[in-house]
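J.: The residues making up each chain are set out below.
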Amino acid sequence: MSSEIKLIKYTIKKPITLRYPSSLIPEKKYSQIPEGLRGLLQRDNEKCIGCKACHYSCSGKATTFQYRENKLIIETFILRCAFCGYCQEICPEEAIKLTKTFEITINNPNEKEAYVTTELDLVKCKNCGKYFATKKFIDKTYQRLIEKINPIIKELVMNDYKKIEEYCTDCRRILSIKLNTHPKKYVWLEG
Amino acid sequence: MIELLLIIFISFFLGLFYSFLIRKFSARLQWRIGPLIFMYKDLRSIMGITRIIQPLYDIIKLFGKRTIIPESSRKRLFIYSPYISLIFAFTSIFFIPFSSIPLLSNIPYSIVIVSYLLIGSLLFMIIGPIASGSPWAFIGVRREAELFLVAEFSFIISLFSMAISKNSLIIWEISTKEFNLINITAGLLMFTSILGKLHIKPFDMSEAEAEIVAGPYTEYSGKLLGIYYLTKIFLIYDFIALFISIFTPINTLPIYLSIPLFLIISIFIIFILSIIHVLNPRYRIKNALIWYIKIISILCLINIIAMVI
Amino acid sequence: MSLLKKSRIYSPWLYHLHCGGCNGCDIEILAALSPRFDVERFGIQLVTSPRHADILLITGPMTKQILPMAKRVYEQVPEPKVVVAIGSCACGGGIFYDQENYAIIGIPNSVIPIDVYVPGCPPKPEAIINGIIQGILKLSKKS
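Here the protein sequences line up with chains A, F and Z, keeping their order. As numbered in my numbering, residues 1 to 191 make up the first sequence, in order. As numbered in my numbering, residues 1001 to 1309 make up the second sequence, in order. As numbered in my numbering, residues 2001 to 2143 make up the third sequence, in order.
Hints listed in this document are in silico derivations from the structure and should not be mistaken for laboratory results. One should not assume that every hint holds.
[As the list claims (entries may be wrong)] DSSO-like, lysine-lysine: derived pairs with alpha carbons at most 30 Å apart:
| # | chain 1 | residue 1 | chain 2 | residue 2 |
| --- | --- | --- | --- | --- |
| 1 | A | K100 | Z | K2138 |
| 2 | F | K1223 | Z | K2138 |
| 3 | F | K1041 | Z | K2142 |
| 4 | A | K130 | A | K61 |
| 5 | A | K9 | F | K1201 |
| 6 | Z | K2138 | A | K28 |
[Claimed, not checked] Over 12 Å on every C-beta distance to chain F, these chain Z residues come out as not near it, computed from the model:
| # | residue |
| --- | --- |
| 7 | K2071 |
| 8 | I2104 |
| 9 | I2105 |
Owing to the predicted nature of the structure, the values given are computational and were not obtained by experimental measurement. Ideal placement from N, C-alpha and C gives every residue a C-beta, glycine not left out.
Model the full assembly from the supplied sequences, consistent with the hints where possible.
T.: Given below as structure tokens:
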């Protein structure tokens, strides 16, 4: 008998159905949107320094990077993105943010709409002429370095860093003796 | 003559309306909306204004699709049996009186003709899928045939007990005689057979979705499937009109009273059918047969007692 | 617009094809078909035979084992038809994607031409309905 009572109850009540595609009454359009919903990814081009941490933490390798002449291109293939939020978690500059946009339909995977792209300018190496990192990245590394460094050797490191700033990683190693920036001397100092 | 032309359109649109109502009622009983009568204003440009003729849209769409004919089928039987089934269901609308309009139902032996036509229509709904050569269709058809036999049994007994007690084989004469106890008992018997024939929920094991793919219609596509859907629309009208005209005293009333009464009673029957459709799970074929035999034997006994009285 | 084209928009029937994967998207598809979102308002129905379908919903990263069956189901859907890929796996391989993965094909576009992509892991039911409606609009343009 209980099923019949339920039947009468549900027949008299207003239907539970949402008016989804219609937006006449905006409050009734969507079902519950939870606070922690992870939707479409958004990367702030101003904040991004090109550290590629998002690429290395990406669970599905949806975020890839390319060096194209004087530009670093970081792009996320939305169709492969699982909206896991690892990149948002790891991003040092908080440039990546997962928005609440979840109604995504894409008609062609090769079109631009299927990618979230960031283009960053690269700096040329003074010695070998290779494009190696962005200006922001170098500045940020310098700032981090002086924040966390031991105050005894602070001045020395600052001087050294100014010397090697404009060289790429390979050239830094090659030129370390010539410019007297070899890190071994810190060991003597600290010890 | 004009009545005969009119009844084609009336039966078609009533059949569409009934199948829409079954959808709408069962949706409403399941706490949802079902096919919209008025589409939301901002979607009207894409989605149309109303969905009252939703079953018609389904059929037209099926007619516009490509028809696939499987290699393993017996092609002639496979292709023609939907058409024959449709012809049988379509012809029987002329022999069933529509709310105090006799149509062809006052010709001799009309009750025999109607029962033959309805059996024939259901029979070709079984034969076509057999010719398709699909194992799912075979399972579905076997269930359908077993159900058909028991449902047919109660159908025939109820029709002919009416014929014997009213002492006539003409539907029009049976329906215009006075109302008594036999109308109720035979009506109940008829109702049980309608449940089986229209595949209302406890008895939809023949086209059990997801269990045996789509049952008998697994291999049918496009136009041929559309014709089966069209047949179903005529069959819904046939059974409901037959039920109302034989077991209720509606045909003795004048026409301006009987047409609205016909609509009210038919909607009420559809409502009860959809309640049964929503409230019940699907029976296994064995359970269905046992249920039918139990109910039919009890109802037949009552029917015989009523006839004697 | 002719009545035939209209009725193609008004009564799309879905067939749900699962090609490997974790079942998350399949559960969301069922949620999209539930009374909460009641797609029968627009005449959308879930059918069980691919021969009755207009729209094929694909979930999962398309494993090599299911490839022949998926191809066959695609061929069994009568023209005109539209394929909607649901979930990140069906769209681009998702977290299963790897260049050297021996079991996964990745983007199934080379095997089955996909018309609409609905990314998400899994997508919300609203996103699925939105994708289906995009598919319907594409269906009406096909002759």
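J.: Against this structure, judge whether each hint is valid.
T.: Now the hints, each set against the structure:
The hinted pair formed by K100/A and K2138/Z meets the criterion: a straight-line CA distance of about 27 Å does not exceed 30 Å. A distance of roughly 22 Å separates the Cα atoms of K1223/F and K2138/Z; the hinted pair therefore holds under the 30 Å criterion. Among the hinted pairs, K1041/F with K2142/Z is consistent with the structure: their alpha-carbon atoms are about 26 Å apart, no more than 30 Å. Distance hint between K130/A and K61/A is fulfilled; the C-alpha atoms sit about 27 Å from each other, no more than 30 Å.
Among the hinted pairs, K9/A with K1201/F is consistent with the structure: their alpha-carbon atoms are about 21 Å apart, no more than 30 Å. For the proposed pair K2138/Z and K28/A, the alpha carbon gap of about 27 Å is at most 30 Å, so the pair holds. Its beta-carbon lying about 15 Å from the closest one in chain F, K2071/Z satisfies the requirement of being farther than 12 Å from that chain. The Cβ of I2104/Z lies farther than 12 Å from every Cβ of chain F, with a closest approach of about 27 Å, so its non-interface assignment holds.
Once the 12 Å rule is applied to beta carbons, I2105/Z is consistent with being away from chain F; the minimum gap is 26 Å.
In this structure, none of the earlier numbered hints is contradicted; all agree with it.
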